[in-house]
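Please model the entire structure based on the sequences and the hints provided.
Residue numbers (my numbering), protein chains in the order written: chain C, 1 to 327; chain A, 1 to 327.
Just so you know, the hints here were simulated from the structure itself, not pulled from any lab data. Check each hint, because a few of them may be wrong.
As the list claims (entries may be wrong) - Straight-line Cα separation of at most 30 Å, DSS-like style, residue types lysine-lysine; simulated pairs: (1) A/Lys327 with A/Lys60; (2) C/Lys182 with C/Lys60; (3) A/Lys60 with C/Lys133; (4) C/Lys100 with C/Lys308; (5) C/Lys23 with C/Lys327; (6) A/Lys327 with C/Lys182; (7) C/Lys327 with A/Lys60; (8) A/Lys133 with C/Lys133; (9) C/Lys60 with C/Lys100; (10) C/Lys327 with C/Lys304; (11) C/Lys182 with C/Lys133; (12) C/Lys23 with C/Lys207.
Unchecked claim - Partial chain C-side listing against chain A, Cβ under 7 Å, derived: (13) Phe106; (14) Ala162; (15) Glu164; (16) Ala172; (17) Phe213; (18) Pro287; (19) Trp289.
As the list claims (entries may be wrong) - Which stretches of chain C does chain A cover? Using the computed rule of at least three CB atoms under 8 Å from a CB of chain A, they are: (20) 152 to 158; (21) 291 to 304.
Where is the CB? At the ideal position from N, CA and C, for every residue including glycine.
Protein chains: 2
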Amino acid sequence: MERHALCLDLGGTNLKGGIVSQKGELSKHRNLPAEVEQGPERILQNLIRMTDMLLKEAGKDSIPIEGIGVSTPGIIDTDFGGLTGGAVNLPGWQNTPFMKALYDEFHIPVFAHNDVTATALGEATYGAGVGRKHVVMASVGTGIGGGIIINGRLYEGATGYAGEIGHIVTFAGGHTCNCGVKGCWEEYAALRGILRTAQEHLDRDAKRESSIFSTLDQEGELTPRIVFDAAREGDHLALGIVDEIGRNTAVGLGSLINIFDPDMLIIGGGIAEAGDIYLNAIRTHIPSWSLPDSREGVEIVLAKLGSKAGIFGASALVFGDINRYMK
Amino acid sequence: MERHALCLDLGGTNLKGGIVSQKGELSKHRNLPAEVEQGPERILQNLIRMTDMLLKEAGKDSIPIEGIGVSTPGIIDTDFGGLTGGAVNLPGWQNTPFMKALYDEFHIPVFAHNDVTATALGEATYGAGVGRKHVVMASVGTGIGGGIIINGRLYEGATGYAGEIGHIVTFAGGHTCNCGVKGCWEEYAALRGILRTAQEHLDRDAKRESSIFSTLDQEGELTPRIVFDAAREGDHLALGIVDEIGRNTAVGLGSLINIFDPDMLIIGGGIAEAGDIYLNAIRTHIPSWSLPDSREGVEIVLAKLGSKAGIFGASALVFGDINRYMK
Chain C
1 MERHALCLDL
11 GGTNLKGGIV
21 SQKGELSKHR
31 NLPAEVEQGP
41 ERILQNLIRM
51 TDMLLKEAGK
61 DSIPIEGIGV
71 STPGIIDTDF
81 GGLTGGAVNL
91 PGWQNTPFMK
101 ALYDEFHIPV
111 FAHNDVTATA
121 LGEATYGAGV
131 GRKHVVMASV
141 GTGIGGGIII
151 NGRLYEGATG
161 YAGEIGHIVT
171 FAGGHTCNCG
181 VKGCWEEYAA
191 LRGILRTAQE
201 HLDRDAKRES
211 SIFSTLDQEG
221 ELTPRIVFDA
231 AREGDHLALG
241 IVDEIGRNTA
251 VGLGSLINIF
261 DPDMLIIGGG
271 IAEAGDIYLN
281 AIRTHIPSWS
291 LPDSREGVEI
301 VLAKLGSKAG
311 IFGASALVFG
321 DINRYMK
Chain A
1 MERHALCLDL
11 GGTNLKGGIV
21 SQKGELSKHR
31 NLPAEVEQGP
41 ERILQNLIRM
51 TDMLLKEAGK
61 DSIPIEGIGV
71 STPGIIDTDF
81 GGLTGGAVNL
91 PGWQNTPFMK
101 ALYDEFHIPV
111 FAHNDVTATA
121 LGEATYGAGV
131 GRKHVVMASV
141 GTGIGGGIII
151 NGRLYEGATG
161 YAGEIGHIVT
171 FAGGHTCNCG
181 VKGCWEEYAA
191 LRGILRTAQE
201 HLDRDAKRES
211 SIFSTLDQEG
221 ELTPRIVFDA
231 AREGDHLALG
241 IVDEIGRNTA
251 VGLGSLINIF
261 DPDMLIIGGG
271 IAEAGDIYLN
281 AIRTHIPSWS
291 LPDSREGVEI
301 VLAKLGSKAG
311 IFGASALVFG
321 DINRYMK
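Here it is as structure tokens:
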């Protein structure tokens, strides 16, 4: 009988759920509003409601569920059965022992992990990284989160904080990061850095010939999408911005290549939705920021699972017995 | 019966040898001139002579030798039984299948690894890192070599090139490193960076009150030792230089802390022989370049085994069955 996990992926907007087999087949995929603005009690009720619904559907098809996997913002404490920190966008969620609550309700082992970590694990196990031994995933969005897979297993460090790759200091002494350090990689290669880079290029363009200016007049606010869209249309200024984004991203990825000599680097997160134009800009600059011997065998690819990576990551927690809540 | 390894540590000047027990007891410690300037044939003869001598001594005491471990400059290829590259200071050594030659001569399994890696493994297993799970060692000398120990085992990456931590890009766009990349950590925190930093401080000191100037007049050439010695005497200019060395070193170590969340960071290599004044300068700056959660549990220490780390690392190759030459 194949193994199956019941998987939950809690985000700021949606709560996704589904059943995943160990082979990586997703079924019963469901999506509910997370209703995080209604407080932690309601979030927990929604987790329980989703679990109940999926368990009933699994029961109809006689699918045995060996564990509940949860991807959530924040840092997990399996003793407490909830978070020890993080999840600043989900007020009160820190103090809610949701793993304990799920276990008490359903009497099925519960596993949970940080969403960035779960996403990386999902991609490495069921997405772009299938079959690879050593994988580093960078999730580029507001910041840069990381997931490190070594010998096919999640590497978490001595105290569970490993993988803070957004805080590699690549531009020492430069712009101050949210963490307080001057020159973290994510301050240059993630959202804030991309917008700063774009604004600098716009400010220097006295002729205002770029299509970005007219789009900005319509949309009001600069976004990475506007820049990537314009670049795809061949807009000269946009292409220059994307090139610099590629460079700033390659600086950190090159360092990761030199440190890890991985089989594969996976780039995911909201920014990576820009697709090939983003990936190609990065690849162009990798040789300038890494050692030839180290980069030779590394594939650099985009994440494949999209919004389902968290669900698949949650299943990998169950099948890999990672972060089990001990009653 | 306790396990024993016959260990060889080939350097540019000396060939060291000894017998190491699995508990980490070193006996029969010997030192010969490596005579690398006389070519690869002579180096190999010396390895064989040292091995023969140690085997005879082990035989007298009825110590069974289960393997020969070799620490050498360069990158090992266990199929060839020698190096695939590196070891630029040992001309011809690349083309000498010394592992095969030792096996053919003594019919004992032969294990070998790069000297930086072996040193890190020695320190992690028998030196400063005893009992730690996740250890990163930085060997600071002409460059910065690295050794990464994860779950008590050497991490080598997909193609054996992992651990090139000297080439984390910490000052992107800055001084050009030997590898061609602009802003590698080692270009700032290793020998060239230390001398550049010192020279910049000296050039700015119009009054020439520092004791470094008089020492320079006597010795002719600026070295890290002169700077550290003066700082230990309270020389104001030297203290400023050491502070900046500490900062430049902490930038990269802080990044490693954020990535690995290790139990321990070990700092070794020639520069680390400066001792506590160097370590304290680094520790002072670590909080400015790392995340509080990640650095909290990390011990930052100096290497303990000194010039014997290579010998102990060679024994860890044997006991850990790492890089065995397959006849």
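Hint check:
| no. | hint | in the structure |
| --- | --- | --- |
| 1 | A/Lys327 with A/Lys60 | holds (28 Å) |
| 2 | C/Lys182 with C/Lys60 | violated (56 Å) |
| 3 | A/Lys60 with C/Lys133 | violated (46 Å) |
| 4 | C/Lys100 with C/Lys308 | holds (25 Å) |
| 5 | C/Lys23 with C/Lys327 | holds (28 Å) |
| 6 | A/Lys327 with C/Lys182 | violated (52 Å) |
| 7 | C/Lys327 with A/Lys60 | violated (59 Å) |
| 8 | A/Lys133 with C/Lys133 | holds (20 Å) |
| 9 | C/Lys60 with C/Lys100 | holds (26 Å) |
| 10 | C/Lys327 with C/Lys304 | violated (35 Å) |
| 11 | C/Lys182 with C/Lys133 | violated (33 Å) |
| 12 | C/Lys23 with C/Lys207 | violated (56 Å) |
| 13 | Phe106 | violated (32 Å) |
| 14 | Ala162 | holds (4 Å) |
| 15 | Glu164 | holds (4 Å) |
| 16 | Ala172 | holds (5 Å) |
| 17 | Phe213 | violated (28 Å) |
| 18 | Pro287 | violated (9 Å) |
| 19 | Trp289 | holds (6 Å) |
| 20 | 152 to 158 | holds (count 4) |
| 21 | 291 to 304 | holds (count 6) |
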